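Engineer: What follows is each chain in one-letter form.
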Amino acid sequence: MDRVVLHVDANSFYASVEVLYHPELRGRAVSVCGDPGERHGIVLASTIPAKRRGVKTGMAIWQAKQVCPELICVPPHYDLYIHFSGMLREIEESWTDRVEPFGLDENWLELTQPGFTMADGARAADAIRNRIRRELGITVSVGVSFNKVLAKLGSDLKKPDAVTVLDAEHWRERVWPLPVSDLLFVGPRTTRKLLPLGIFTIGDLACAPTEVLLRKFGKNGLMIQCFARGLDESPVRPSHLSEVVKSVGNSATTAYDITSPEGARCVCYLLAESVGARLRESGFRAGSVTLSARTTELEWSSHQCPLCPPSHVTEEIGAAACALFARRFEDQLPLRSLGVSCGDLVSDRDPLQVLLWGEERRQRLEALDDSLDGLRRRFGHQVVRRGIVLSDEGFAELDPKDDNIVHPISLPR
Amino acid sequence: MQNKQFVKVRADFMPDGRVIPLKFRTEEGPAMLIDRIVDIRPAPALKSGGQGMRYTCRVGEHLLYLFHDRSCWFVEPMEVD
Chain X
12 MDRVVLHVDA NSFYASVEVL YHPELRGRAV SVCGDPGERH GIVLASTIPA
62 KRRGVKTGMA IWQAKQVCPE LICVPPHYDL YIHFSGMLRE IEESWTDRVE
112 PFGLDENWLE LTQPGFTMAD GARAADAIRN RIRRELGITV SVGVSFNKVL
162 AKLGSDLKKP DAVTVLDAEH WRERVWPLPV SDLLFVGPRT TRKLLPLGIF
212 TIGDLACAPT EVLLRKFGKN GLMIQCFARG LDESPVRPSH LSEVVKSVGN
262 SATTAYDITS PEGARCVCYL LAESVGARLR ESGFRAGSVT LSARTTELEW
312 SSHQCPLCPP SHVTEEIGAA ACALFARRFE DQLPLRSLGV SCGDLVSDRD
362 PLQVLLWGEE RRQRLEALDD SLDGLRRRFG HQVVRRGIVL SDEGFAELDP
412 KDDNIVHPIS LPR
Chain V
17 MQNKQFVKVR ADFMPDGRVI PLKFRTEEGP AMLIDRIVDI RPAPALKSGG
67 QGMRYTCRVG EHLLYLFHDR SCWFVEPMEV D
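Going line by line, the protein sequences match chains X and V.
Each position in the first sequence, counted from 1, maps to that position plus 11 in our numbering.
Each position in the second sequence, counted from 1, maps to that position plus 16 in our numbering.
Since the hints were derived computationally from the structure, they do not count as laboratory data.
Source: prediction; values computed, not measured.
Where a beta carbon is used, it is the ideal one built from N, C-alpha and C, also for glycine.
Be a bit skeptical, because a hint or two may be false.
Calculated lysine-lysine pairs in the BS3-like style (CA-CA distance at most 27 Å, straight line) [said to hold, decoys possible]:
(1) 67(X) - 204(X)
(2) 169(X) - 67(X)
(3) 63(V) - 170(X)
(4) 62(X) - 63(V)
(5) 62(X) - 170(X)
(6) 63(V) - 39(V)
Computed from the model, here is a short list of chain V residues facing chain X with C-beta under 10 Å [stated by the list, open to error]:
(7) 57
(8) 58
(9) 59
(10) 60
(11) 61
(12) 62
(13) 63
(14) 64
(15) 66
(16) 67
Assemble the whole structure, with the sequences as input and the hints as a guide.
Structural biologist: Below, the structure written as structure tokens:
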């Protein structure tokens, strides 16, 4: 049975929603930008007039204003985008229950069923596109193909408000001449590494010797070559199927650089609070803690240590993160951001080795976390805070747990 | 762009979850009785900005759009095609 997979991508999603709510901005160069005061001052999404003037996602606001002086910057409203994302999903789920999200504004739909052809898929794509425009007032681009990778590529080919079909007979003619960077998971770094191999287009990648790619990129080389050859069997996973959680983590870019070990310890504990609370909420204990840091030169590094026995106690996670900081990162100050992540997860219902020394302390700490979680659930995160986080009032306002929005990522599998 | 005209609404909340507005009033204006609801569908509010459940209402001789956008209600004159 031939597969029919759709990829529905909302065009300039954040910017489209903002313009929908501010009709006076229609037709003008508008970008949704993060808050420069919190050092998130980059372009998150732009309208077509702004893109035409050279504004790109990820640019700093000052750079964007340089290429487009009349650019209007508006702050993001994530609650509104999440609301729209839900409505998009609802419309798509009226066609199929197999809808897999890829971020807030993109979804794959599996329409495969006996007798359902690519032409039927194109008709469904058109109907979905029209309904979204009519009911939500925003436009989407839809790619229709026989696997997820090509469907995604198809949705990028024609924008905005368009349907692109890449069927098994003709996809090579459309796809192989495209630059290799258009392929999913081929980012700027991979593109740079492919150049010396004489690989410029997706077709070059498909025809390149497999062993060379394998040697240079490992199994990822094999994966991107399969994608270039139109081989992708990954299923569209219905959104209600929850992922197997492998780690729980949080990171924060602080409002100003972390310059002192005390400041770093404060952020470590703030992040540990959030990670610990999420572990407890999800019913896990962690067997390892990873601390990652980004320097002011934007260099990223991370170090890991075991947590024995596995734990979800904030104090233990925070202490492990602080110990990692003291051992590995203290000489790298100042830092721009820190991240704490817990891995090697086990269920908190699994039997736990009783400690010969310290068992009473551990039970006390668990009871303490339990009470703190209860208080925060009822009265908000800031109702009770650790003394250490008050050492720096600027960082103390951070609420990594509730301020954090995780955008789902699904491929590769 | 015209200013968004938010209104206070009295409505029936039906057992099946539908919300049927009966009358509305602007900040200072008189209460307007909705004679008939001609159409209900989700739609964008292209003139005043927003999106929500759009009720096309007949009020006396006039047709207008009444929008229910998440928790607030606003009216918009109907487009003439």
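Engineer: Does each hint hold? Answer for all of them.
Structural biologist: Going through the hints against the structure:
1. Pair hint residue 67(X) plus residue 204(X) holds up; C-alpha atoms about 23 Å apart against a cutoff of 27 Å.
2. With a CA separation close to 18 Å, the supplied pair residue 169(X) and residue 67(X) stays within the 27 Å bound.
3. Distance check on the hinted pair: residue 63(V) and residue 170(X) sit about 24 Å apart at the alpha-carbon level, within 27 Å; holds.
4. For the proposed pair residue 62(X) and residue 63(V), the alpha carbon gap of about 25 Å is at most 27 Å, so the pair holds.
5. About 12 Å separates the Cα atoms of residue 62(X) and residue 170(X), which keeps this hinted pair within 27 Å; it holds.
6. Under the criterion of a C-alpha separation no larger than 27 Å, the hint pairing residue 63(V) with residue 39(V) is consistent with the structure, at around 22 Å.
7. For residue 57(V), the shortest C-beta to C-beta distance to chain X is roughly 7 Å, which falls under 10 Å, so the interface hint holds.
8. For residue 58(V), the shortest C-beta to C-beta distance to chain X is roughly 4 Å, which falls under 10 Å, so the interface hint holds.
9. With 10 Å as the threshold, the beta carbon of residue 59(V) comes within range of chain X, its nearest partner Cβ sitting at about 6 Å, so the hint holds.
10. Restraint check, residue 60(V) versus chain X: the minimum CB separation of about 2 Å is within 10 Å; hint holds.
11. At a threshold of 10 Å, the smallest CB-CB gap from residue 61(V) to chain X is about 8 Å, leaving the interface hint in force.
12. Checking residue 62(V) against chain X by beta carbon gives a least distance of about 7 Å; that is within 10 Å, so the hint holds.
13. Here the hint on residue 63(V) is kept, as its CB sits about 7 Å from the closest CB of chain X, short of 10 Å.
14. Here the hint on residue 64(V) is kept, as its CB sits about 7 Å from the closest CB of chain X, short of 10 Å.
15. Checking residue 66(V) against chain X: minimum C-beta separation of about 6 Å stays under 10 Å; hint holds.
16. At about 5 Å, the closest approach between the beta carbon of residue 67(V) and any beta carbon in chain X falls short of 10 Å, and the interface hint on this residue holds.
Hint violations for this structure: none, all hints satisfied.
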